[in-house]
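Position 14, counted from 1, in the sequence shown is what the working numbering calls 14; the numbers after and before it change by one each time, with no gaps.
These are computed hints drawn from the structure, not numbers from a lab. Be aware that a few hints might be false.
[As the list claims (entries may be wrong)] Listed next, the in silico DSS-like pairs over lysine-lysine satisfying Cα-Cα at most 27 Å (straight line):
#1 94 - 115
#2 144 - 94
#3 125 - 154
#4 88 - 154
#5 144 - 88
#6 154 - 144
#7 115 - 88
#8 154 - 115
#9 94 - 125
#10 115 - 144
#11 144 - 125
#12 125 - 115
#13 125 - 88
[Stated by the list, open to error] Here are the computed distance ranges between Cβ atoms for each label pair:
#14 70 - 145: 28 to 38 Å
#15 147 - 72: 14 to 24 Å
#16 171 - 91: 22 to 32 Å
#17 92 - 136: 33 to 43 Å
#18 141 - 47: 11 to 21 Å
#19 172 - 141: 35 to 45 Å
#20 124 - 76: 17 to 27 Å
#21 76 - 138: 25 to 35 Å
#22 119 - 70: 16 to 26 Å
Beta carbons: idealized from backbone N, C-alpha and C, even for Gly.
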Amino acid sequence: IVDDLASVRKAVCRSLQDFAYEIDEAENGQQHGVEKIQVGDGRNVLNGKTVIIADDDEMNRQFIGSILQLENLNITILEAQNGEDVLKLLQQHKVDAVLIDMIMRPGMGGVEATKIIRASHSQSKVPIIALTANSGDEYIEETKAAGMNDFLTKPVEADMLLAKLVQHINNAHPGSILTKDLISDVV
Numbered sequence: 001i002v003d004d005l006a007s008v009r010k011a012v013c014r015s016l017q018d019f020a021y022e023i024d025e026a027e028n029g030q031q032h033g034v035e036k037i038q039v040g041d042g043r044n045v046l047n048g049k050t051v052i053i054a055d056d057d058e059m060n061r062q063f064i065g066s067i068l069q070l071e072n073l074n075i076t077i078l079e080a081q082n083g084e085d086v087l088k089l090l091q092q093h094k095v096d097a098v099l100i101d102m103i104m105r106p107g108m109g110g111v112e113a114t115k116i117i118r119a120s121h122s123q124s125k126v127p128i129i130a131l132t133a134n135s136g137d138e139y140i141e142e143t144k145a146a147g148m149n150d151f152l153t154k155p156v157e158a159d160m161l162l163a164k165l166v167q168h169i170n171n172a173h174p175g176s177i178l179t180k181d182l183i184s185d186v187v
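Construct the complete structure from the given sequences, taking the supplied hints into account.
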C-alpha cells in the first residue's frame, strides 16, 4: 500500500513552485472573479506549521499526509480518526489548521467537532477545512453553518489542498510571507 501511495503521490502532485490555483469568489455577494495564488511564494507560510488531518479512513489520512510532506515543507502532521480525537489534539498542541472529514464513524463527525471548537475551544479561530465526498450546495452550506473556513472535495487534489492551506493559514496569521501583493486577479 505504501508503494502504491508513493506512486499515486508522484502522479498527482506537481512541484509547489510550479502550480497555481483558481478560487471562485462569487460567494457572499462578492463580484465574480478568480484569484491566483502562487504557492511557491507562500512556501514560508506552510513551513513549520502543524496540521491535523481527521478522517476515519486511514488511506485518506496517509494520502493527504503524503501531499503535505512534499518539498521538505517541515509540516508537522497530527492524525485523528474522529472529532473527539481532534478536540484532544487541540488541547495538547498549538495547531495552525485542521483538515476534517464531515462524516466519521464511529464517533463525532467534522461538523459537530467544528461547532464545539468554534463555540468554546481555546483555538476557536484555527482554520478548519472540510473534507467531503459530496460537493452539493447543501453540504457547502452545512460547512459554512458549522463555522468551517472552506471545503475540499475528495479525492483531494494536491494543488487545491496546498493553496487553501496557504490562503487560510496566511489569513489567520497576518504578516506572513504571502501578502496581497502576491495575490492577483486573473479574471
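Measure nothing beyond the straight line between the CA atoms of residue 154 and residue 144; if it is 27 Å or shorter, mark the hint as holding.
It holds: about 18 Å lies between the C-alpha atoms, which stays within 27 Å.
So if I understand the rule, the pair passes when the alpha-carbon distance is 27 Å or less; does residue 88 with residue 154 pass?
Roughly 25 Å between the alpha carbons, so the hint for residue 88 and residue 154 holds.
At the C-beta level, are residue 92 and residue 136 separated by a distance inside 33 to 43 Å?
holds, 35 Å
Range hint compliance [Cβ, residue 119 to residue 70, 16 to 26 Å]
violated, 34 Å
Would you mind confirming whether the straight-line C-alpha gap from residue 144 to residue 88 stays at or under 27 Å?
Holds, at about 23 Å.
Range agreement (Cβ of residue 141 with Cβ of residue 172, hint 35 to 45 Å):
Violated, at about 23 Å.
Given the hint that residue 125 pairs with residue 88, test it: the Cα-Cα distance must not exceed 27 Å.
Between residue 125 and residue 88 the Cα gap is close to 16 Å, so the pair holds against 27 Å.
Going straight from one Cα to the other, do residue 125 and residue 154 come out at no more than 27 Å?
Within the cut-off at roughly 24 Å; holds.
Given a hinted range of 28 to 38 Å, is it respected by the beta-carbon distance of residue 70 and residue 145?
holds, 33 Å
For a C-alpha distance cap of 27 Å, please report whether residue 144 and residue 94 respect it.
holds, 23 Å
Under the criterion that the straight-line Cα-Cα distance not exceed 27 Å, is the pair residue 115, residue 88 satisfied?
Roughly 15 Å separates the two Cα atoms, so the pair holds.
Residue 125 paired with residue 115 [C-alpha distance capped at 27 Å]
holds, 12 Å
Hints 15, 18, 19 and 22, counting from the list given before, are not met by this structure.
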